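Peer 1: Each chain, written out:
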Amino acid sequence: LNDYFVGAMKGAILDINSSARVVDITHEIPPQAIEVAAFNLLAVYKTFGAGTIHVAVVDPGVGSARRPIVISAGGQFFVGPDNGIFSYVLDRESDARVYHVTNDLYFLKPTSATFHGRDVFAPIAAALSTGVSPRELGDGIDDPVRLKSLAPERLKHGKLGGRLIHIDRFGNCITNFTRNELPDKLIRQGARLNIKGKVVSEFREFFAGESKARLFALWGSAGFLEIVAPNRSAAKLLKAKRGDKILLELRYGIRVVSAHRAVG
Amino acid sequence: LNDYFVGAMKGAILDINSSARVVDITHEIPPQAIEVAAFNLLAVYKTFGAGTIHVAVVDPGVGSARRPIVISAGGQFFVGPDNGIFSYVLDRESDARVYHVTNDLYFLKPTSATFHGRDVFAPIAAALSTGVSPRELGDGIDDPVRLKSLAPERLKHGKLGGRLIHIDRFGNCITNFTRNELPDKLIRQGARLNIKGKVVSEFREFFAGESKARLFALWGSAGFLEIVAPNRSAAKLLKAKRGDKILLELRYGIRVVSAHRAVG
Amino acid sequence: LNDYFVGAMKGAILDINSSARVVDITHEIPPQAIEVAAFNLLAVYKTFGAGTIHVAVVDPGVGSARRPIVISAGGQFFVGPDNGIFSYVLDRESDARVYHVTNDLYFLKPTSATFHGRDVFAPIAAALSTGVSPRELGDGIDDPVRLKSLAPERLKHGKLGGRLIHIDRFGNCITNFTRNELPDKLIRQGARLNIKGKVVSEFREFFAGESKARLFALWGSAGFLEIVAPNRSAAKLLKAKRGDKILLELRYGIRVVSAHRAVG
Numbered sequence: 237l238n239d240y241f242v243g244a245m246k247g248a249i250l251d252i253n254s255s256a257r258v259v260d261i262t263h264e265i266p267p268q269a270i271e272v273a274a275f276n277l278l279a280v281y282k283t284f285g286a287g288t289i290h291v292a293v294v295d296p297g298v299g300s301a302r303r304p305i306v307i308s309a310g311g312q313f314f315v316g317p318d319n320g321i322f323s324y325v326l327d328r329e330s331d332a333r334v335y336h337v338t339n340d341l342y343f344l345k346p347t348s349a350t351f352h353g354r355d356v357f358a359p360i361a362a363a364l365s366t367g368v369s370p371r372e373l374g375d376g377i378d379d380p381v382r383l384k385s386l387a388p389e390r391l392k393h394g395k396l397g398g399r400l401i402h403i404d405r406f407g408n409c410i411t412n413f414t415r416n417e418l419p420d421k422l423i424r425q426g427a428r429l430n431i432k433g434k435v436v437s438e439f440r441e442f443f444a445g446e447s448k449a450r451l452f453a454l455w456g457s458a459g460f461l462e463i464v465a466p467n468r469s470a471a472k473l474l475k476a477k478r479g480d481k482i483l484l485e486l487r488y489g490i491r492v493v494s495a496h497r498a499v500g
Numbered sequence: 237l238n239d240y241f242v243g244a245m246k247g248a249i250l251d252i253n254s255s256a257r258v259v260d261i262t263h264e265i266p267p268q269a270i271e272v273a274a275f276n277l278l279a280v281y282k283t284f285g286a287g288t289i290h291v292a293v294v295d296p297g298v299g300s301a302r303r304p305i306v307i308s309a310g311g312q313f314f315v316g317p318d319n320g321i322f323s324y325v326l327d328r329e330s331d332a333r334v335y336h337v338t339n340d341l342y343f344l345k346p347t348s349a350t351f352h353g354r355d356v357f358a359p360i361a362a363a364l365s366t367g368v369s370p371r372e373l374g375d376g377i378d379d380p381v382r383l384k385s386l387a388p389e390r391l392k393h394g395k396l397g398g399r400l401i402h403i404d405r406f407g408n409c410i411t412n413f414t415r416n417e418l419p420d421k422l423i424r425q426g427a428r429l430n431i432k433g434k435v436v437s438e439f440r441e442f443f444a445g446e447s448k449a450r451l452f453a454l455w456g457s458a459g460f461l462e463i464v465a466p467n468r469s470a471a472k473l474l475k476a477k478r479g480d481k482i483l484l485e486l487r488y489g490i491r492v493v494s495a496h497r498a499v500g
Numbered sequence: 237l238n239d240y241f242v243g244a245m246k247g248a249i250l251d252i253n254s255s256a257r258v259v260d261i262t263h264e265i266p267p268q269a270i271e272v273a274a275f276n277l278l279a280v281y282k283t284f285g286a287g288t289i290h291v292a293v294v295d296p297g298v299g300s301a302r303r304p305i306v307i308s309a310g311g312q313f314f315v316g317p318d319n320g321i322f323s324y325v326l327d328r329e330s331d332a333r334v335y336h337v338t339n340d341l342y343f344l345k346p347t348s349a350t351f352h353g354r355d356v357f358a359p360i361a362a363a364l365s366t367g368v369s370p371r372e373l374g375d376g377i378d379d380p381v382r383l384k385s386l387a388p389e390r391l392k393h394g395k396l397g398g399r400l401i402h403i404d405r406f407g408n409c410i411t412n413f414t415r416n417e418l419p420d421k422l423i424r425q426g427a428r429l430n431i432k433g434k435v436v437s438e439f440r441e442f443f444a445g446e447s448k449a450r451l452f453a454l455w456g457s458a459g460f461l462e463i464v465a466p467n468r469s470a471a472k473l474l475k476a477k478r479g480d481k482i483l484l485e486l487r488y489g490i491r492v493v494s495a496h497r498a499v500g
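Chains as they are written, first to last, in the working numbering: chain A, 237 to 500; chain B, 237 to 500; chain C, 237 to 500.
Everything labelled a hint here was simulated from the structure, so no lab data went into it.
Because the structure is a prediction, the values reported are computed rather than measured.
One or more of the hints may lead you astray.
Identical copies go unnamed one by one, so any copy, or any two together, can satisfy a pair.
Straight line, CA to CA, 30 Å or less: simulated DSSO-like cross-link-like pairs of lysine-lysine [said to hold, decoys possible]:
#, residue 1, residue 2
1, Lys-345, Lys-421
2, Lys-434, Lys-421
3, Lys-421, Lys-282
Chain A with its partners taken away, still in its complex shape (with noise of 0.2 Å):
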């Protein structure tokens, strides 16, 4: 937002197609984060209706050595380098299709080396708004960048291995833990998240209320399972950093293993 760079694109945008609605998500993604991009980039893009097209840039100047592609999923196009970016949704929508961008035709001419941001991307998507299909862009592929899944991991004893994929500007720390993982009623049976040492059991509603627990665990709104802490920051209560292992304990689970070793 300190130079020009989003304007531009914008202005690529409109010249393009003059009744585009162009709305921001963030551009304050550290530079080359690619896996913090593509979290936003997940928790926001349902939230759009149908026929939005997403475009998404990670430091403009090194994403441009990767290929260009277009993505068609859920109703929706992403356009953007073959970087990763859009591994999360390519992971969520069954649907999706993605296509290696050849054909130059919408191009901004010169096309700099340094800027696709503004010169390949951006108006790529003006031309997708104005009913140009994802095919006569280019080919079909099927070897996208991926990210590591955000799928946690089962580990035995009936555990799941999970990690802090996001931490927001509150301090709040997101995991990789879903309701498909952690339905409701296994945590009323009891479960509890373990995190640098530190025992998280209390799973609430909301975020106000009176508690004596300093950390708890919510639904965030993104649909991730969030480890927070009321009025302060529970990453820096925790030390934690994007990347941390966090290790989820179900009582079902540890009395299942229990049943199995009496067996055995």
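Following the hints, complete the assembly by docking chains B and C onto the known chain A.
Peer 2: Just chains B and C, lined up with the frame of chain A:
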């Protein structure tokens, strides 16, 4: 801006009303600084035309415990949590009516416990923009949360007690004095401000121009008297912070008091 | 962005022309850094289509003492204070005409002394967007404030004297050399940059790719030669700051000079 929160709210609005015009005021209100948000809203709402719908949320996590309200005032609507954020608008607009939103028809479902900005407030705003009446959303209430009034206190000897209500990015110190308390005629007769042991007695029309004074007062764009320093931060010079007390002495007031004493 | 200033300007525009498309370029220009603003505008304006109206204000407090101007140039309009902010556009666009706005018909009333962005420049831009002609706003002038030209100096022995005109958020150092002074043919014949006692002699097309050089030069997206470092801040490596001098030596120039000396 460094997370997906704002983008998600816009997505939720545009998904309901794709022709809505969404304008950002600011997303840099410090967490839970309701007074700062209330001031910024007060300073800007009149610049927008009739029919504008203002959505204001401070700290999406914490605000969600408050009841959601809609205010109809001065030909505009205001949507947000009942935490005092619209308090200064209520002070200004005598026709204001406040509604407690209990009808969840327009909420995003499933409605998260942690992100009412996206799931509750943005959809309410979008519904209003399509012509839904506040009365359809809930009953009128007469006990919204109110912040301490912005009106200065009338002290004895004709003095006025005020406070710093905002410090802007240039370090200008915005007081709660308006032309109501301080018409030009009184300034011409002589007035001075006491703040943090320093006296400000120069009142000016512009920032620019030569002056020997390190600090002077002028009418800011939000209609409040500001203490400023040419090309410097008045806040730093004064070591001032939001909430600091300011005493306003009018020569007129002092003269009257003296006369009164003579009579006594 | 952490105050209401930008939102207020958009409100003022939309109140006059509710169908205007408002696009942010940047609001992070350091206070009074007119050259930085001028560079960002130069880098981006051509990406927007004909009929675009650019509004630029640096430091809303201080800028207000300058006369308000409108520039018609290259099929676009530019609105702001006469402080040099449009200087580089004037250097580029030979058809530019500058008008001093004296007609206050479209100003927001009462017009504040401190926020001309909202009360003067935004309304002027909105008026232009509804078809008002610059001639209706004031007379043409031929003495707008100009910044030092971006053209490099021609030194003896065929050398060129340039300077750093911008350092972007990645630490890339943008010079004032363009393809006009440095066509590809000359680069292929050999050229090198001297900056802060260091020599940069590698010229590349892309950021990516292996190299032993810590620093190299490439054409940036704004059309200027940049000194960059792969995945690092060239500015930090060079301890460079905006305004630093750069010497460009062409082998062609040197060869000619040698010949000349031999003749001498």
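Peer 1: Work down the list of hints and note, for each, if the structure agrees.
Peer 2: Now for the hints, and whether the structure bears them out:
no.	hint	in the structure
1	Lys-345 <-> Lys-421	between (58 Å within a copy, 21 Å between copies)
2	Lys-434 <-> Lys-421	within (24 Å within a copy, 64 Å between copies)
3	Lys-421 <-> Lys-282	within (26 Å within a copy, 50 Å between copies)
Violation of the numbered hints given earlier is absent; every hint is satisfied by the structure.
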